[in-house]
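Peer 1: Residue strings, one per chain:
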Amino acid sequence: MKIVVCIKQVPDTKGGVKFNPDGTLDRAAMLAIMNPDDKAGLEAALRIKEQTGAEVTVVTMGLPKAEEALREALAMGADKAVLVTDRVLGGADTWATSITVAGAIRNMEYDLIISGRQAIDGDTAQVGPQIAEHLGIPVISYAEDIKVEGDSVIVKRQYEDRYHEVKAKMPCLITALSELNVPRYMTPGGIFDAYDEKEVIVWGRKDLKDVDDSDLGLAGSPTKIAKASDKVRKGAGEKVTLDASESVTYIMDKLKEKHVI
Amino acid sequence: MDFALSKKHEMARTLFKEFAETEVKPLAQEVDETEEFPAGTVEKMAKAGFMGIPVPKEYGGQGCDPLTYTMCVEELSKVCGTTGVIVSAHTSLCIDPIMTYGTEEQKKKYVVPLAKGEKLGAFALTEPGAGTDAQGAQTKAVLDGDEWVLNGSKCFITNGKVGDVYIVIAITSVTEDKRGRKKKNFSAFIVEKGTPGFSFGTKEKKMGIRGSATYELIFEDCRIPKENLLGPEGKGFPIAMHTLDGGRIGIAAQALGIAEGALDRAIEYTKERKQFGRSIAQQQNTQFKLADMAAKIEAAQLLVYKAAMAKATKKVYSVEAAKAKLFAAETAMAVTTEVVQLFGGYGYIREYDVERMMRDAKITEIYEGTSEVQRMVISGALLK
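Here the protein sequences come in this chain order: U and L. Just so we're aligned, residue 1 is where the first sequence starts under my numbering, counting upward by one. Just so we're aligned, residue 1 is where the second sequence starts under my numbering, counting upward by one.
Isolated chain U, as found in the complex (with noise of 0.2 Å):
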């Protein structure tokens, strides 16, 4: 069995979120982590591999600095990474993005892809079902649970109010979720292994199959961002003491002041 898992390095965002002049991301100024949602996907192909035997190959599109996040993926376990980097691919959103993925996906042998359902600095959730639907492939979203069954998956699909148990057969697409397990740390062996018995793969614009320049990088692109900015920190706001009626016509009276009514 082969397992291809798409990871993304992202900027932690737990320490904030820094901005450059132009309203993108200064990833320079922030540090990079593997995405907690792909990281947890890693998790549950690395145990797959464990119960299976299955191969895991890490695949991500990036900079040269990504190398490090599939470094740290080859120190937990993983058997093979490729990096996709090319200039030609810069400034990609998520329809460009899934474009080029698939595009190196159809390059490997796939039983089963497994990615994150979204990364922590775009939060779209919508690279993973679109490699699906490139590839032609069933997809899954929202695992908290994966099971392998002879030639098929059974995953524990989350709903808000409820869960799905879907089965469907390889190959396909599961996006996971961050809940769907504690990701394993790396040994200090698995890092020295990472380095000196692994390699990272490096693919550029000449690697990816069935894919049309137009659909790729900025220029192929869709998405145009207007402004992004972080979290503005809320006032504290104006607390009262009333019964329900008093309440009513205070809340009426502030809606009407603001003109909201």
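If you are wondering where the hints come from, they were derived from the structure by calculation, not from laboratory data. Treat the hints loosely; a few may be bogus.
Derived lysine-lysine pairs resembling PhoX-like cross-links, with alpha carbons at most 20 Å apart [claimed, not checked]:
#, chain 1, residue 1, chain 2, residue 2
1, U, Lys198, L, Lys7
2, U, Lys234, U, Lys14
3, U, Lys80, L, Lys7
4, L, Lys8, U, Lys198
5, L, Lys7, U, Lys65
6, U, Lys80, L, Lys8
7, U, Lys65, L, Lys8
8, U, Lys198, L, Lys57
9, L, Lys47, U, Lys49
10, U, Lys14, L, Lys17
11, U, Lys2, U, Lys80
12, L, Lys203, L, Lys193
13, L, Lys206, L, Lys161
14, L, Lys17, L, Lys7
15, L, Lys57, L, Lys47
16, L, Lys25, U, Lys14
Examples of chain L residues lying across from chain U (beta carbon under 7 Å, computed) [unchecked claim]:
#, residue
17, Lys8
18, Met11
19, Ala12
20, Leu15
21, Phe19
22, Ala48
23, Gly49
24, Ile53
25, Gln62
26, Gly63
27, Thr68
Idealized CB from N, CA, C, for every residue including glycine.
Chain L: place on chain U using the hints.
Peer 2: Quick look at chain L alone, frame taken from chain U:
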């Protein structure tokens, strides 16, 4: 000459730091307060591969170098001195001598489970009447048929009682030199917990590293198989001394970590603490103290890493290890004392980590060779 760490060492540090912050730091106060051995943490460290970092993979280890192991002890000790010494004593004092002097059978039987963290190791040299003067030890081993019979006691043994495998140094013969002076000949043995005649005395109540289990070991006609002799008969003393050279690098790393942890706390606290209308970090007295501490800590780190590199490449590294331990231990004591002073009254309260760090620091100037012993080793080499 390049002082930059390689990418793999940087990544290893990231791992140790993340583990220490997530798994060790939240328990550090409790471990100190209750004096309970953090068995759960040791289990997690075993799973993460921290119990056999410098051991080759064929013996169950991680196949990394002494520098990586040193960085592990350093990062653990930044948040908990107890956890640092558990790894150090296990790796440097128990696994290392078996790897260095053990037979293939001994390595397979003992190192593999130790390096995987399935078993915990300890080392026993010190006796009530033999500390710095290790030659004063009294514990004896006599060969009786296919067994060595051990009698005597050892004290202040780190990982005592919780440990499964013990390296024990005992007298195996007394010979006379040409002038008729008696000379004790020591040998090293591997002793397993549970061997009849091997028991534990009282648990020591300590000033610091209170979660580390420190016990007296008692041997009463304790019979161990002949093949558990470690290294050649009569070479126990040099084996012990060489083992301690390695151990000192681990303790130096522990001391370094404690100092770094205290400085981290001081930086956070002095920025927050306000007196006379501004943070105490804005006072020049604080700034100069922080600067002095940072400079000392970096000097200690360079000595510790240099000693770790020497262990990887040289057969003898006694002087490098002694310098690293001497300077790192004294830095840990000086820095933690200064940090408690910067914290003022709060520094004296047990709720704050720095009080524990100051207590933990003191032992690094004492065990695995006091600072005075390190000075003897260094000056001995200078005046040779």
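Peer 1: Can you confirm whether the C-alpha distance between Lys47 (chain L) and Lys49 (chain U) stays at or below 20 Å?
Peer 2: 17 Å, holds
Peer 1: Does Lys7 (chain L) lie within 20 Å of Lys80 (chain U) when you go C-alpha to C-alpha?
Peer 2: 19 Å, holds
Peer 1: With 7 Å as the cut and Cβ atoms as the points, is Gln62 (chain L) at the interface with chain U?
Peer 2: 3 Å, holds
Peer 1: Between the alpha carbons of Lys8 (chain L) and Lys198 (chain U), is the straight-line distance 20 Å or under?
Peer 2: The hint holds at about 12 Å.
Peer 1: Using Cβ atoms only, decide whether Gly49 (chain L) comes closer than 7 Å to chain U, and label the hint accordingly.
Peer 2: 4 Å, holds
Peer 1: Quickly compare the C-alpha distance for Lys25 (chain L) and Lys14 (chain U) to 20 Å and report which way the hint goes.
Peer 2: 19 Å, holds
Peer 1: Does the alpha-carbon distance linking Lys206 (chain L) and Lys161 (chain L) stay inside the 20 Å limit?
Peer 2: OK: Lys206 (chain L) and Lys161 (chain L) at ~16 Å, within 20 Å.
Peer 1: Given the hinted pair Lys203 (chain L) and Lys193 (chain L), is their Cα-Cα distance within 20 Å?
Peer 2: 16 Å, holds
Peer 1: Given the hinted pair Lys7 (chain L) and Lys65 (chain U), is their alpha-carbon gap at most 20 Å?
Peer 2: Given that 20 Å is the threshold and the Cα spacing comes to 12 Å, the pair holds.
Peer 1: Lys234 (chain U) and Lys14 (chain U) were given as a pair; does the straight-line alpha-carbon distance stay at or below 20 Å?
Peer 2: 19 Å, holds
Peer 1: Going straight from one Cα to the other, do Lys17 (chain L) and Lys7 (chain L) come out at no more than 20 Å?
Peer 2: At roughly 15 Å apart (the allowed maximum being 20 Å), Lys7 (chain L) and Lys17 (chain L) satisfy the hint.
Peer 1: Run the distance test for Lys14 (chain U) versus Lys17 (chain L): straight-line Cα separation, threshold 20 Å.
Peer 2: Distance ~16 Å between Lys14 (chain U) and Lys17 (chain L) Cα, so the pair holds.
In the structure shown, no violation is registered for any of the earlier numbered hints.
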